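**Q** Here's the letter readout for the chains.
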Amino acid sequence: MGEATVLDMGSDRASLQTRLIVRLCAVFVVFFLAAGMVVFLIYHSDTAEIPFDALADDLSDLKGALTVDSSGALKVDESRLAPVVGFMVRKPDGTVRLAGGHHVDELQAIETPAEDEVTESCRLTGKGPQKVRPHHRQCSLSELIDVNGETLVAQVTRRVSPTSTALDALLYEWLDEYLPVMVPMLLALITAMVFTLRGALQPLERLMRYARSITPAHSGVRLPTDDLPRELLGPVEAINGALDRLDRGFQAQRDFLADAAHELRTPLAILAAHLDSMQDPASTAGLRADVDRMSRLVSQLLMVAQLEALTIRPDEQADLSDVASEIATLMAPLAVKTGRSLAVLNAEHPVPVRGNRDAIYQALRNLVENALKFTPPDSEIEIEIDPSGCVSVSDRGPGIPEAQRTLLFQRFWRADRRQSGGAGLGLAIAHRIASAHAGQLLVDDNPGGGARFTLRIPLVG
Amino acid sequence: MRLLLVEDNDRLSEFLEKALHDSGFTVDRCATATDADAALAGVKFDATIMDLGLPDGDGLGLVKSMRGRGDQTPVLVLTARDGLSDRVGGLNGGADDYMIKPFAMEELIARVKALLRRPGAALGVELTLGNICLDTTGPNLTVAGKPVSLTRREVTLLEILLRRPGKVVSRNAIEDGLYGFNDDVGSNALEVLVSRLRKKLISVGADIQLHTVRGVGYMAMDRG
Chain A
1 MGEATVLDMG
11 SDRASLQTRL
21 IVRLCAVFVV
31 FFLAAGMVVF
41 LIYHSDTAEI
51 PFDALADDLS
61 DLKGALTVDS
71 SGALKVDESR
81 LAPVVGFMVR
91 KPDGTVRLAG
101 GHHVDELQAI
111 ETPAEDEVTE
121 SCRLTGKGPQ
131 KVRPHHRQCS
141 LSELIDVNGE
151 TLVAQVTRRV
161 SPTSTALDAL
171 LYEWLDEYLP
181 VMVPMLLALI
191 TAMVFTLRGA
201 LQPLERLMRY
211 ARSITPAHSG
221 VRLPTDDLPR
231 ELLGPVEAIN
241 GALDRLDRGF
251 QAQRDFLADA
261 AHELRTPLAI
271 LAAHLDSMQD
281 PASTAGLRAD
291 VDRMSRLVSQ
301 LLMVAQLEAL
311 TIRPDEQADL
321 SDVASEIATL
331 MAPLAVKTGR
341 SLAVLNAEHP
351 VPVRGNRDAI
361 YQALRNLVEN
371 ALKFTPPDSE
381 IEIEIDPSGC
391 VSVSDRGPGI
401 PEAQRTLLFQ
411 RFWRADRRQS
421 GGAGLGLAIA
431 HRIASAHAGQ
441 LLVDDNPGGG
451 ARFTLRIPLV
461 G
Chain B
1 MRLLLVEDND
11 RLSEFLEKAL
21 HDSGFTVDRC
31 ATATDADAAL
41 AGVKFDATIM
51 DLGLPDGDGL
61 GLVKSMRGRG
71 DQTPVLVLTA
81 RDGLSDRVGG
91 LNGGADDYMI
101 KPFAMEELIA
111 RVKALLRRPG
121 AALGVELTLG
131 NICLDTTGPN
141 LTVAGKPVSL
151 TRREVTLLEI
161 LLRRPGKVVS
171 RNAIEDGLYG
181 FNDDVGSNAL
191 EVLVSRLRKK
201 LISVGADIQL
211 HTVRGVGYMA
221 MDRG
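Listed in order, the protein sequences are those of chains A and B. Reminder that position 39 of the first sequence reads as 39 in the numbering used here, one-by-one numbering, no gaps. Reminder that position 181 of the second sequence reads as 181 in the numbering used here, one-by-one numbering, no gaps.
No lab work stands behind these hints: they were computed from the structure. Everything numeric in this text was worked out from a predicted model, so none of it was measured. Be aware that one or more of the hints could be misleading.
Covered stretches of chain A (chain B as the covering partner; in silico rule of three or more C-beta atoms under 8 Å from a C-beta of chain B) [claimed, not checked]:
hint : segment
1    : 54-61
2    : 272-282
Computed from the model, here is a short list of chain A residues facing chain B with C-beta under 10 Å [said to hold, decoys possible]:
hint : residue
3    : R90
4    : D93
5    : D259
6    : H262
7    : L264
8    : P267
9    : D292
10   : S299
11   : A324
12   : P333
13   : E384
14   : D386
15   : P387
16   : R411
Here a beta-carbon is modelled for each residue, glycine too, at the ideal position from N, C-alpha and C.
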């Protein structure tokens, strides 16, 4: 669910979770590399240990590898020597009898050792001014040997590179020994981190669920602040504060509507009561009709304002057949008085739709009132229910020209401003109610002549 | 008949009092919820006309507390609110009827009379509409003063319609009143009956009409 909702919010947007995981992984990897570097540096600086033991081995190897052939020439079996070693056999006066291997030129300068002595020598290599921190040392051992009665100087040399020592340490010790332990540890660490992060980000999911439930109809819901981490508490409280302020504005709007209804209707009620109390009906009838028109306008304006905040709760239901029958019951006397009649078709079975019954009632009532206005005397208005969630109102009036169909649902629009007594709000209200239900209000021609308005509301389920 | 009128607007209250007085009611007026509460506690009224928006409280709260202490005085609520859910709220709160301001005085008085008749009142024995008069005790029907004979079912149908003159009575309600559980009712039996009654009424010169509201029911209305 976590991933899915994150994806819903834009798949090109990295989630906080992914971002944290990537960055922490990077930190771990850098940390492990750094640990390796530390091992490297420790070996790098530890160059005090000069490999004289190795050189001593090399020297005895050299002695063992020396042979004198029949012509009396000295020979060395180089395969018996370590490959990194340089060697030289010379006379004490410096005449070189034999040399080979690496860095042999360094050996000439070494003093001839005394009898039964081994001369150790270690000096910095490289040209130019001596560096404070040498990179390489050339270490050598020299010894007097006796070859067929002749005293010679046997010398071996090795270049000691601190870097190579450290690299060896890295390669052999770090890779060989630490890595097999460290990689599983690193993986375990990352896995633990992913789970920890998910757990830590769980409150965000909960916040999201609450935030989604906030609608104009449920504007009192606030994001929960209990057991929120301190870092989230600030932003969440700020958002709740913003919601409070919006809610107060919203409440003020609603209060205003209720007050406006009261303030507008009370004077109208007084006016109507005053007119009704007069003894001369002939002269007050016109005024009374004006009051009625004004009252209707006030009702419709309040309805328009109310509809702005109309939201349909998921559990709201209305039965179209029931609503249509009730409208017909209510409107039939008026229709009959003006010589028209009403019929409800296919209302035998309930047609439950998802919606606010009062609002659907109002929308359908407006459609029937509109039809009554345009249908000629002695004709019948048909309210027809369709099990697909439609209710249509057909009249026998002049119909709606194609060009006017887009204007119909605009507020205050009327086909003929002089003739029609209404304010042009009825159809706009019905249209708004349809869209608040995710439904539709359509207009077309009545097959029998006239106009047909169809209100479509989504069925339950 | 003594009525309590709870309305905070003085002018409206005066007009209402005058009209109710002219119709033969005795009216006590209150302008606040507190006064109304005190009045209701001290006197037994036959009905209450209550405005919902009062300066010191909501009229509905008053109705609820009346019902809470078992006071069954009929209440007609006057409201300026016409919300999508207000009307239901008013009746759920214990009011018996409501009217939205502004209202016609004639209708207000008719509704108050209806409320006073409602609890256990004997159903009117003489139903009149236009030039016809049905005495349900007989039953005897007269049109323009001359007796007319009808079958038992026709009389019952006419009585059902005349009890709600000018209002649509649903098909189901009529059938429930006409036929017993065991009666074998054909699908168009009611249509046939209405059409026969309609013809009879026309033939004897009745000036009422029986209107069909297709798919809903029937309605008796005078021709005036």
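**Q** Hint by hint, which ones does the structure fall short of?
**A** Hint check: 1, 3, 4, 14, 15 and 16 fail, others pass.
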